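Visitor: The whole structure should be built from the sequences, with the hints applied where relevant.
Protein chains in written order, with the numbering used here: chain A, 1 to 193; chain B, 1 to 88.
Worth flagging that the hints you see were computed from the coordinates, not collected in a lab. Heads up, some of the hints might be wrong.
Said to hold, decoys possible - Below, a sample of chain B positions facing chain A; criterion: calculated Cβ distance under 10 Å: (1) Met-8; (2) Asn-13; (3) Asp-15; (4) Val-58.
Stated by the list, open to error - Computed from the model, here is a short list of chain A residues facing chain B with C-beta under 7 Å: (5) Ala-133; (6) Gln-148; (7) Thr-149; (8) Arg-150; (9) Glu-155.
Remember, it's a predicted structure, so these values are computed and weren't measured experimentally. Note that the Cβ used here is the ideal one computed from N, Cα and C, for glycine as well.
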Amino acid sequence: MAAGTATRIYPFMPGGAADGIKLVSGAVVLSDLTASPRFGLKGCGSAAWLAAQGIPLPAVNRIGKHHGMQVLRLGNEDILLLAEGVGETLAEVKTAWHAATAPKGYSSWREEGWAWLRLSGPRLAEAMNGLCALDLRPEKFGPDDIAQTRVGHIEAVTFRSPAGFDILFDITASAYFARSVAAVATHIDQHNA
Amino acid sequence: MKLLTCPMNGPRNIDEFQSFGPVRARPDPNATADPEWSRHLFRAENRQGVVVEWWRHVPSNYFFLAERDLVSNEIIRTFDASEPRGRA
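Guide: Rendered as structure tokens:
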């Protein structure tokens, strides 16, 4: 890499820590969104600063929307902005945050610390049933709900996406998580063969 | 499966939680003799009754309090640390 360039290599990319680990596809599909833009703020002043920018904050463990971004309230002062396809909007927020004076919370480095994977496919419900102990049926777990729990035996944040479930977790567990999902997918295939 | 109800996240499998021990008064550094410090730091209570303990829901990193019966191991209630502690 040339000096001065700052290119992030995420785990499933060539040269990444999980390079070579296959993401399952078929009855269960796992896709990698880790390179998609996101920005997390945490700590005293985070909520007030975001609210002052006109970003409406939902209740804890709920998801709000703002200019195409998803606003995930993970705690009173722990908020995550997901900007799939609207990176410019998020870039404006980040620029404003960097220029602002404290109190404004601190960056929780979710773009570096967390992996972002999406689980979908015709056997999605069975797969989530095997990965997570919570009742995630639509009547119990709506599109604006967040579950902070365990998925595939690791601590994770999960919520519904139009295609299935999005899962955020410690980026260092990327390969492990992909293998956990692959094991569940294989089990489902064997029982439906 | 044993369940514990997190005040923020609802009922969850107990293995999502980490115990941080009983809520205890902190000795006054200016008025506490060495034997009392030693007792505070190294000796655990072993009594019957109800204890108020710190617990953490690990996936959300949320700390809260739980009242637990030390004999039956029943969790009597869980609540946010900002709420009155009653027996603590």
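Visitor: If you take the shortest Cβ to Cβ gap from Ala-133/A to chain B, is it below 7 Å?
Guide: With a minimum Cβ separation of about 5 Å from chain B (threshold 7 Å), the hint on Ala-133/A holds.
Visitor: Does the nearest C-beta of chain B fall within a distance shorter than 7 Å of the C-beta of Arg-150/A?
Guide: holds, 6 Å
Visitor: When the nearest CB of chain A is found for Asp-15/B, is that gap smaller than 10 Å?
Guide: holds, 8 Å
Visitor: Once the shortest beta carbon distance from Glu-155/A to chain B is found, is it less than 7 Å?
Guide: holds, 4 Å
Visitor: Asn-13/B was flagged as interface toward chain A. Is the shortest Cβ-Cβ separation under 10 Å?
Guide: holds, 5 Å
Visitor: Tell me if the interface restraint on Gln-148/A is satisfied: Cβ within less than 7 Å of some Cβ in chain B.
Guide: holds, 4 Å
Visitor: Was the hint right that Met-8/B lines chain A, CB cutoff 10 Å?
Guide: holds, 6 Å
Visitor: May I ask you to test the interface hint for Thr-149/A with respect to chain B, counting a Cβ-Cβ separation under 7 Å as satisfied?
Guide: Constraint on Thr-149/A satisfied, holds at 5 Å.
Visitor: Val-58/B was flagged as interface toward chain A. Is the shortest Cβ-Cβ separation under 10 Å?
Guide: holds, 6 Å
Violated hints for the displayed structure: none, as all numbered hints are satisfied.
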